[in-house]
Amino acid sequence: MSSPFASRLGTNYSAQDKEIDEIKALLVEPCQKLKDLDDEIDAMRKALDNLTEERNTLSAYVEAHKALLSPFRRLPRDIIEAIFMACLPTHRNCVMSAQEAPVILGRICNSWRTISYSFLRLWSSLHIVEPVYEYNSNASLYQAKVAQRLEVAHIWLRRSGTCPLSISLQSNLDNGPRPVQTIAPLAAPDVWLNVLLPFAFRWKHIRLVAPSVALAILSHLAENDVPLLRRLELAHGPERSNNSSNHCLTQYSVLRGPDLSIISLVGSTVNSLDLPLRWSQVTDLTLFPSSSGDNAQTCEVLFEILSRCPKLQVCKLLIHNSAERNMANIIIECPFLHTLELLSHGAPLHTFGRLLRRLSLPALQDFKLRGFDNHRSACRPPSGVLTSQSPFMMGGAPDPDDDVFPALQVSPDQPFLFPALEELAIGRCRTVSDEALLRFVTSRVRTLKLVDIQFDRERQVDILPSLEPFAEDGLKTSITYIPILPPSFSPRIGLPDGPPTFSPYVLY
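What the sequence shown shows, in this note's numbering, is residues 313 to 820, in sequence order.
Among the clues, some could well be false.
DEER-style ranges, computed between Cβ atoms [claimed, not checked]: (1) Q677 <-> R742: 44 to 52 Å; (2) E645 <-> R385: 55 to 63 Å; (3) L655 <-> P781: 51 to 59 Å; (4) Q455 <-> S672: 54 to 62 Å.
Computed list of lysine-lysine pairs in BS3-like fashion (alpha-carbon distance at most 30 Å, straight line) [as the list claims (entries may be wrong)]: (5) K358 <-> K347; (6) K345 <-> K358; (7) K623 <-> K680; (8) K347 <-> K336; (9) K516 <-> K628; (10) K457 <-> K516; (11) K680 <-> K516; (12) K680 <-> K628; (13) K516 <-> K623; (14) K330 <-> K345; (15) K347 <-> K330; (16) K788 <-> K761.
If you are wondering where the hints come from, they were derived from the structure by calculation, not from laboratory data.
C-beta: ideal position from N, C-alpha, C; glycine also.
Use the sequences and the hints to build the structure in full.
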């Protein structure tokens, strides 16, 4: 549109009085046309909204009817079940998670829920994890999670109907000390196995990582109670008493299951040769005992084990060092043994050489030999060290507590012990309180140059502000704590694809 004011448009020009009426008259027609266009746009927008709503309604009608023609809805049930089975993990048991099969399959639609809940094989494998209670965890949260998993495990196994079961249990093995004020009423050690025991008649593959006091419940099973059991893996932590239920392993009739051929025992303290196994039918054997002395698993024991297992295909054993003995020149043949893994505990290589010369292993494909000596523990750093730059030194101290520090503090009625002490270093310290450490540093600030404390717990009292003024006098401090982390309730603990675990009893 042409305008007599074209040269003024877009500038800072201000219209003069005589030009105002001219501009107003010029804009009458454009302003009316602009209003007409706005009205037309509003009408078209309303028409478009109406068309869109009508289109969405019609589309929903069409899609709902097309869904009735879906080929998947017309699949035979056996095909759907095969697809469901293909969704399950093949390298481990199923976990209690809504993020994967079989649980997620029942959350897609009502039809899938009905099929999945009634498909028995879908629920024939289960991995159970006892929730880990950290000493900074909430006790009520822990107990609620325990109750939930026990209930889910019971429902899960009932859904499996009469199918053979593959079950793995990852229970807590660390029963070490916790601060008294944070100890929670932990679940009874055998509460998890009590859920599994009623289904023993259908056990096929069982892996149990639990305290020995919990595994003792297996002594109630007779060999006829586990007719389907083919694989049995047991692992437990160190014994807490001399009267250990683990010694009952020699009387565990479950070890004589009629179909049991794959056996793994980790942490046992009994003589392996006394185990009541059907040696002649064993094809896969793993024995990592914690015993030594009279029950040590020596090369001679290994030789006897191999002679008892003519069908053995896989063998993984821990061997303790033993004095040389004159062994008869008898050759033991293991015609099917294709995998042999030996972990040596102080056994010299020449001992294995004498052993291997007595074995005929025509099918051997994989041989591993690993070892560690008896002095490895001597190389570990002490848990607590008090050092001095002067000739005086105190080292190798155990984890100190609040009863130790008063003896090192300076007070009017306390002799000045260790007058040359300049450095205090404690690693993995748990029992010393923050207040006791502050009192000690304050009393020795004139001589101390370095304080390095690594607390194996979370911070209870922030003493760092109180130590800052001493930094001006040259005191260097390094005080670290374990960060407060949420409790670990992952249902994948103990699995190959699960979160990191510090347990040495992972059997995969």
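Of the numbered hints stated earlier in the document, which are not met by this structure? The structure conflicts with no hint, since it agrees with every one listed earlier.
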